[in-house]
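Participant: The primary structure of each chain is shown beneath.
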Amino acid sequence: MASSLATPEASTAAPAREGYWQHLRYIMAENPLTGISFAMFIGLIIMALFGPYLVPFDPVATGAGPALMPPSPAHWFGTDHLGRDVFSRVVVATRLDLMISVSAVALSFVFGSVIGSLSGYFGGWTDRIAGRLMDTIMAFPLFVLAMGIVAAAGNSVENIVYATAIINLPFYARMARAEVSIRRNAGFVQAARLSGNSELRVLFGHIFPNTLPPIMVQISLNMGWAILNAAGLSFIGLGVQPPTPEWGIMVAEGANFIISGEWWLVVFPGMALMLAVFTFNLIGDGLRDLVDPQRRT
Amino acid sequence: MNVPLLDVQRLSVDFNTRKGVIRAIDSVSLSVAKGETLGIVGESGSGKSVTSYAVMKILDRAGKITSGKIIYGGMALQKIPESDMRDIRGREISMIFQNPRAALNPIRKIGQQVADVLIQHNQATRAEARGKAIEMLQAVKIADAEKRFDAYPFELSGGMCQRVVIAIALACKPQLLIADEPTTGLDVTTQKAVMDLIVELTARFNMSTILITHDLGLAAAYCDRLMVMEKGRVVEQNPSTVLFQSPQKEYTRQLLQATPRRDSNVRDLLPKELLDKTDPLPESSPPGPPLLTVSHLKKSFGKPGSENHHLAVRDLSFSIRQGESLGLVGESGCGKSTTSAMVMRLLDTTEGQIEFLGEDIARIPASQFSSHPLRGKLQMVFQDPTDSLNPRWSAERSIEDPLIHLAKDLGKAERKARVLELASLVGLPHNLLGRYPHQLSGGQKARVGIARAVALNPQLLILDEPTAALDVSVQAVVLNLLEDLKHQLGMSYLFISHDLNVVRLLCDRIIVMQKGQIVEEGNARLIMDQPKTDYTQSLLAAIPHPPTGEISTA
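Those protein sequence lines, which keep their order, are chains A and B. Residue numbers for the first sequence follow our numbering, so the first one is 1 and each next one is one higher. Residue numbers for the second sequence follow our numbering, so the first one is 1 and each next one is one higher.
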């Protein structure tokens, strides 16, 4: 009997869900920059995964050619002061730089959004303590704070990761807090309580996934920033040590040669750094469109 | 007939969307004479707002006027450049929007906002703007206008904000006022005050008005002529009384029928072809023993003694019997939502007992009630079907959620079977279960919400204005569904609403609340016919009544 009241409005509804690939294609077509950034992102991933097997020379072997040779068919990006192939070094460095930034961003995302979600949801003392903690971190010039952490904790790649993660923590915490607190009294949250979800499950099962789209954008912007930060630390001699190929070190080493006209030592690692940052900044919007089901009409 | 003030001829508007070009309105023609009030009535998606936006030329980027003419006072508006249009908006044609709070700039003084419009259109110099703005505020009957000039929007109630918006709209004495759902979201008594004010002022300034609304009763009470729209087309255009007494089109008739009246029962709202497929209302069985007894319930916010200490609910006692429906009626701020949240155990009480199935559940803290065995017996249908569904979950997942947490003995396959059973129960086609909320219509979302609420066979269901966000035709179907489910599943309802006409359809008994207290309680029909208190009388008087009498089927 009740079913005989079946929806007269049924016919007006949207068609069934589109496939994921179709959706991806639509997003690419809607904004060509997203397509370009995805392509560049895939390029970066390939370089990071297969770089060492693809390059023509051993990135740390000196004497791959004569020292300080300008770009040529044999050495596309030229050679540095020790005769190492700059192209090989730039490509191989991708893995280390991405690894540092991905793990740093992952750490700050996980801890930052947990702290932020808890303080946004429970408020009160949780919020006050977490908030002041984040304010304390933000009170320092962030790069100087990272330098201090690495200098104090010891000069290693792990510590660069931790330092980068710590200085990024407040951004995630604040964002998660804001996104959670605007949703904590939404109808679907009340409904989740009525369905027998515990408070923590309401928070992490219902509210948190809905905060992901803006946080995704933050992650991608932050990635570029984290790469810069890692390169910056290496540039001033912290963290990664020579002769390991790393963009920041390469720029630092090459800086001495700009005056004498050997520009390729600085320009190519610098370009790689710039392109990587550029890619992550662009990909943000595309990512949000992908993770937000409401955009998938 | 003399030349109309506004003459729209065969206007079409297209929207560019992801799914291609969509025609929002199709060859719409209308005219408004000087001093006339035209009502545009239709359900959501009928194109009534788009029509008015097109006239004002404030369509957003995706929308485009593809054909037709908009002639206002001899000018062809569709041709004139944006710079001239800016001059016309506000001075010649102005508009009142649905949400008064959103229409006012929150960080500017309200008087200043009125003065801005006057200065913008050269109706006042900076020096005299203040005086003229105060005059306007007085005209819209804001008490103590001189002092209120310096108030900010957040300091005023919704009704007051709407008066300010009206003052802004009328400040330059425009010829035509377009009011787009000006009273949606306001209480009935405020609605009446605001509408009376609009009518009085437009008559005084000899202005024409276009009133856009989904509420046929409201439109009939205030408009000379009505235009019914459906899916971007004009269905019917007639003087109000003619339209009500002898609607020419089937759609108009259905709309009229779906609008609750004082004397209709819940089945009367359904269109004929649905009614034929529906069983007659089951005999209501006499209510059983008390299910819920609330005694001396109190709730206060803020620290006692401090400035923001506020008693939301003061000493409330009532009871609901098994199989009974109780209506809780009152205007916004009367404490009805606070009461329902406390009964639902989403909010802790300050004082008092809530006895449900023989247990005082007020003693259990709200934060721990989610794992209590009585949780499944006490469920709720929320006001906004969109807001109450998790946007990242499919309909199926939403309905399944209470089963996962509170019916732990069910296996996965049994759960899926139960979801299908529930979908059939609420009339949700099974192929829609995989969809996300934004892919469902309002009525379908309401069904998902109801299915979720009844999943655990609750004994008491709180309905918090379950149809307030729905179109009348969908409301009719959902109300009938709720009525049938009540008999099928033997539930009791606590129906919370501000709309007495809707409450009366489902409820045997009504409680009228004001300022956290019960002012009147009794049999639904008795309260409607012979209200004892002034407050109830004013509530009833404020409901715009469509002309009564049989709708002719000719």
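Derived by calculation from the structure, the hints in this document are not laboratory data. All residues carry an ideal CB built from backbone N, CA and C; glycine is no exception. There may be inaccurate statements among the hints.
As the list claims (entries may be wrong) - Derived pair list, reagent style SDA-like, types lysine to any residue, alpha-carbon separation capped at 25 Å:
#  : chain 1 : residue 1 : chain 2 : residue 2
1  : B       : K19       : A       : R201
2  : B       : K298      : A       : G124
3  : B       : K416      : A       : M28
4  : B       : K416      : A       : G124
5  : B       : K486      : A       : M28
6  : B       : K377      : A       : Q190
7  : B       : K249      : B       : K416
8  : B       : K303      : A       : G124
9  : B       : K532      : B       : A542
10 : B       : K408      : A       : R201
11 : B       : K34       : B       : F205
12 : B       : K377      : A       : S198
13 : B       : K532      : B       : R509
14 : B       : K34       : B       : G63
15 : B       : K57       : B       : I80
16 : B       : K192      : B       : S44
Unchecked claim - Just the calculated beta-carbon pair ranges, DEER-fashion:
#  : chain 1 : residue 1 : chain 2 : residue 2 : range
17 : A       : F122      : B       : R108      : 54 to 64 Å
18 : B       : R18       : A       : I45       : 52 to 62 Å
19 : A       : W21       : B       : R108      : 22 to 32 Å
20 : A       : F50       : B       : M85       : 51 to 61 Å
21 : A       : A106      : B       : E355      : 15 to 25 Å
Participant: Compare the structure with each hint and give your call.
Facilitator: Comparing the hints with the structure gives:
1. Distance restraint check for K19 of chain B and R201 of chain A: the Cα-Cα separation of roughly 37 Å exceeds the 25 Å cut-off, and the hinted pair is therefore not satisfied.
2. Between K298 of chain B and G124 of chain A the alpha-carbon distance is near 24 Å, which keeps this suggested pair within the 25 Å criterion.
3. Of the pairs offered as hints, the one joining K416 of chain B and M28 of chain A is violated, with about 36 Å between alpha carbons and a cut-off of 25 Å exceeded.
4. For the hint pairing K416 of chain B with G124 of chain A, the CA-to-CA distance comes to about 40 Å; that exceeds 25 Å, so the pair is violated.
5. Between the alpha carbons of K486 of chain B and M28 of chain A the distance comes to roughly 50 Å, so the proposed pair goes past 25 Å and is violated.
6. Restraint check for K377 of chain B and Q190 of chain A: satisfied, since their Cα atoms lie roughly 16 Å apart, inside the 25 Å limit.
7. Proposed proximity of K249 of chain B and K416 of chain B is contradicted: the alpha carbons are some 43 Å apart, above 25 Å.
8. Pair hint K303 of chain B plus G124 of chain A holds up; C-alpha atoms about 15 Å apart against a cutoff of 25 Å.
9. Restraint check: the Cα-Cα separation between K532 of chain B and A542 of chain B comes to about 16 Å, which is no more than 25 Å; the hinted pair holds.
10. For the hint pairing K408 of chain B with R201 of chain A, the CA-to-CA distance comes to about 16 Å; that is within 25 Å, so the pair holds.
11. Our distance criterion of 25 Å between C-alpha atoms is met by K34 of chain B and F205 of chain B, whose separation comes to about 11 Å.
12. Using a Cα cut-off of 25 Å, the hinted pair K377 of chain B and S198 of chain A holds, with the two alpha carbons roughly 17 Å apart.
13. The hinted pair formed by K532 of chain B and R509 of chain B meets the criterion: a straight-line CA distance of about 15 Å does not exceed 25 Å.
14. Proposed proximity of K34 of chain B and G63 of chain B is contradicted: the alpha carbons are some 29 Å apart, above 25 Å.
15. Pair hint K57 of chain B plus I80 of chain B holds up; C-alpha atoms about 10 Å apart against a cutoff of 25 Å.
16. A hinted pair counts as satisfied when its Cα atoms are at most 25 Å apart, and K192 of chain B with S44 of chain B qualifies at roughly 23 Å.
17. The given range of 54 to 64 Å is broken by F122 of chain A and R108 of chain B, whose C-beta atoms sit roughly 35 Å from each other.
18. Separated by about 29 Å at the C-beta atoms, R18 of chain B and I45 of chain A break the suggested range of 52 to 62 Å.
19. Hint check: W21 of chain A to R108 of chain B, Cβ distance near 49 Å, so the stated range 22 to 32 Å is violated.
20. Between F50 of chain A and M85 of chain B, the C-beta spacing of about 59 Å keeps the proposed range 51 to 61 Å intact.
21. A C-beta distance of roughly 51 Å is found between A106 of chain A and E355 of chain B, which places it outside the suggested range of 15 to 25 Å.
When each numbered hint is compared with the structure, violations occur for hints 1, 3, 4, 5, 7, 14, 17, 18, 19, 21.
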